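Q: I would like the entire structure built from these sequences, with the hints used as guidance.
Here the protein sequences come in this chain order: S and B. Position in the first sequence (from 1) plus 1033 gives the number in the working numbering. Just so you know, the working numbering puts 69 at position 89 of the second sequence, and the rest follows in order with no gaps.
For the record, the hints were derived by calculation from the structure and aren't laboratory data. What you are looking at is a predicted structure, and each value in this text was computed from that prediction instead of being measured. Quick reminder that beta carbons are idealized off the backbone N, C-alpha and C, glycines included. Any given hint might turn out to be false.
Said to hold, decoys possible - Calculated Cβ distances over 10 Å to all of chain S for the following chain B residues: (1) Ser7; (2) Phe32; (3) Gly33; (4) Asn35; (5) Gln37; (6) Leu53; (7) Ala55; (8) Lys61; (9) Arg80.
Stated by the list, open to error - Capping the alpha-carbon separation at 25 Å, the derived lysine to any residue pairs in SDA-like fashion look like this: (10) S:Lys1053 x S:Leu1165; (11) B:Lys48 x S:Gly1075; (12) B:Lys61 x S:Arg1071; (13) S:Lys1053 x S:Ala1111; (14) S:Lys1074 x B:Gly50; (15) B:Lys48 x S:Ile1145; (16) B:Lys61 x B:Thr30; (17) B:Lys48 x S:Ser1094; (18) B:Lys61 x S:Lys1053; (19) S:Lys1074 x B:Phe32; (20) S:Lys1074 x B:Met21; (21) S:Lys1053 x S:Leu1088; (22) S:Lys1074 x B:Asn35; (23) B:Lys48 x S:Pro1150; (24) S:Lys1074 x B:Asp81; (25) S:Lys1053 x S:Glu1115; (26) S:Lys1074 x S:Leu1088.
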Amino acid sequence: MIIIQAGPEHFRFEISWEEKELLNVIRLYPHVPAAHHRLTKGRRIPDGAENQQLLEYALQSQREENRQLVAALLNEPARFAEIETGFRVDFTRGEIEWLLQVLNDVRVGSWIALGSPAGHPEMQPGLSNETLSHIMTMDVAGFFEMAFLHALTGEPLTGDA
Amino acid sequence: MPATATPEVLPRIDPDRRTDSSADLDSGYLVICWDDPVNLMAYVTHVFQTVFGWNRQRAERHMLEVHKNGKSLLAREHLEKAEFYVHQLQKYNLHATLERDAP
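A: Encoded structure:
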């Protein structure tokens, strides 16, 4: 996936056939369990239960919105213009922003499914087909995240936090 | 029908008294971001820039703090604003929480 044009608000990419297939990873969205999000670690927040519920409503509403955007993107074949080497596709800055949220949800969801390992999941003992599938999903989501972040910042990027 | 004259009452403005929102509100809530090793460093930096409007340098400083120390204090705010920030950060799936500042 390469960026071939970057304006302040519009970005044009070329992606290969294989990468377009891999982009289907966003179909897994939402992947992070809803119960994963906690407002606080302490218990000293006023109206803690009510505020926790507000957070859950806000995230639920955002998940629904993003889920519809994902479905719309994947059901819009005209968005991907076929070229000799694969496809050309345009995204706005706003679309990249929600795609980043979606991709990171998929990445974090797979990491949680792996048991939230502290180190590189590839190095964990007991790899199975299921865990390998989660690891591959994490890597694919991370690949697209880096490509989009590179487009936004204009700089080559590396590394996990 | 004759118009009724209504006396206009305006609030008295005292130029010596100003409302300082930051001083009047309880800013005793902390927004903390915790380390989830799955998150890409560039992604965390981007989210801090987007949510707080920080420049790259400041966002990277906090990202590195999360990475090295396991957490970073991102903001000290009144309850509503702190909650707003936590909601925004969690929309990006960063592990952010709201904590009461120690008295």
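Q: Taking the numbered hints from earlier one at a time, note which ones the structure violates and give those numbers from smallest to largest.
A: Hints 9, 17, 18, 21, 22 contradicted; others consistent.
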